Amino acid sequence: MNATHMPRMDVMRSQLSRARGLGSAKTGVNHWWMERMSAVALVPLSGWFVLQVMRLAGSSQEDVVEWGGKPTNSSMLLALMVLTFYHMQLGLQVIIDDYVHGKPHLPASLLMKGVTFLIGLFAVIAVLKLALAPSRKASA
Amino acid sequence: MVEFSLPKNSTVGKGRIFPAAPGAKNVKSFGIYRWNPDDGSNPVVDTYEIDLDKIGPMVLDALIHIKNDVDPTLTFRRSCREGICGSCAMNIDGENTLACLKPIKDVKAAVAIYPLPHMPVVKDLVPDLNGAYAQLRSIEPWMKSDTAPPPDSERRQSIEERAKLDGMWECILCFCCTTSCPSYWWNGDRYLGPATLLAAYRWIADSRDEHAGERLDALEDPLKLYACRTIMNCTQTCPKGLNPAKAIARIKELQLERKI
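Top line first, the protein sequences correspond to chains A and B. Residue 64 in full-length UniProt numbering sits at position 64 of the first sequence, and the numbers go up by one each step. Residue 205 in full-length UniProt numbering sits at position 205 of the second sequence, and the numbers go up by one each step.
Derived by calculation from the structure, the hints in this document are not laboratory data. Please note that the accuracy of each hint is not assured.
As the list claims (entries may be wrong) - Cβ pair distances, simulated, as ranges:
| id | chain 1 | residue 1 | chain 2 | residue 2 | range |
| --- | --- | --- | --- | --- | --- |
| 1 | A | R13 | B | I159 | 43 to 51 Å |
| 2 | B | W169 | A | V40 | 28 to 36 Å |
| 3 | A | G47 | B | Y133 | 56 to 64 Å |
Predicted, not measured: the structure shown is a model, and the values here were computed from it. Ideal Cβ placement from N, Cα and C applies to all residues, glycine included.
Using the sequences plus the hints, can you model the full thing?
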């Protein structure tokens with residue numbers, strides 16, 4: 001049973017007042033739309049990534065580093081990482097909204113956002129390191 | 001946090017068995033949720049064995065027979081017995097529907113009957129829908145127009161404008177959809193639920209209404225509207241064959257349309 005609907009003797013606030021609550025937050029469109037748009041963008045990006053990994057399987061480390069150093073590849077990788085973790089944050093927020101209620105909701109949301117941001121940052125820096133690494137083949 | 005099990009005082013026990021009269025040939029078993037707020041005990045499922053040859057074809061016929069001839073303490077709501085009042089909404093064979101529109105023969109095994117899910121129970125099959133009614137009231141389900149109506153006639157609509165209300169005006173507010181929605185179970189204190197959102201869109205789509213913007217403002221909320229996860233139980237369960245999920249999708253489209 002959810003709290004509002006329980007016939008609690010200590011709550012005499014009218015049902016209409018509870019239904020109206022604090023009113024509309026005047027937000028939600030952006031979250032909903034970005035969740036969908038990032039999902040759509042991730043379809044080609046993920047497909048591209050899987051194909052590239054299959055192609056690179058068995059290559060030497062030098063070849064992979066060189067592959068990651070090409071601007072096209074590093075741009076695609078960066079887009080993939082940023083959108084993946086952005087989408088992950090939006091999706092996990094929805095799950096927290098569904099399953100975590102009351103006081104733990106805010107700390108759970110903040111923890112999720114912080115962890116997602118740090119993992120995403122780690123991925124982005126890894127890609128940047130590849131992108132900006134001096135080509136070993138050229139110097140060799 | 002989310003609750004994964006029923007609280008102790010809600011665990012359902014086994015109840016009494018009311019056997020059919022000796023000699024009855026066409027017997028079907030009805031397992032019905034019973035809870036009485038006055039006796040302080042947990043809910044139970046009572047079993048009634050009913051001779052189908054003696055009653056009409058619908059689940060409501062069986063319930064009325066039980067109340068009249070077997071066990072007068074059984075409590076449920078009913079009125080029109082033809083699917084237009086919405087009173088006999090309950091969970092039959094695992095699906096929310098109207099007892100008066102649900103043929104007994106559609107249920108293969110014993111007929112399990114429970115009140116609408118996840119609402120406080122008043123008694124037996126009667127749920128407390130006051131919260132859901134207040135949510136409906138909160139979206140102001142009436143025409144709001146600043147233009148005065150013609151002095152000598154009603155407000156007029158083209159045939160096309162009127163057709164936009166089809167699939168929405170038929171809603172009888174039985175709340176089968178709202179109480180079938182997991183999002184409503186989780187966030188029913190803030191999520192408005194499919195029945196109320198269908199009613200909201202009915203007024204947004206009405207060509208005579210002049211407050212669509214204010215209506216969209218009031219719905220633009222992460223939970224009031226966007227707690228809809230497109231689970232589609234609402235459309236699946238609607239005993240009138242309506243599509244509340246589509247109405248919710250239309251509201252989301254309009255919210256987006258005015259932003260981009």
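Verification of the supplied hints:
1. Between R13/A and I159/B the beta carbon distance is about 45 Å. The supplied range of 43 to 51 Å therefore holds.
2. Range check, W169/B to V40/A: Cβ separation about 35 Å, and the 28 to 36 Å hint holds.
3. For G47/A and Y133/B, the Cβ-Cβ distance of about 49 Å falls outside the hinted range of 56 to 64 Å, so the restraint is violated.
Checked against the numbered hints above, the structure violates only hint 3.
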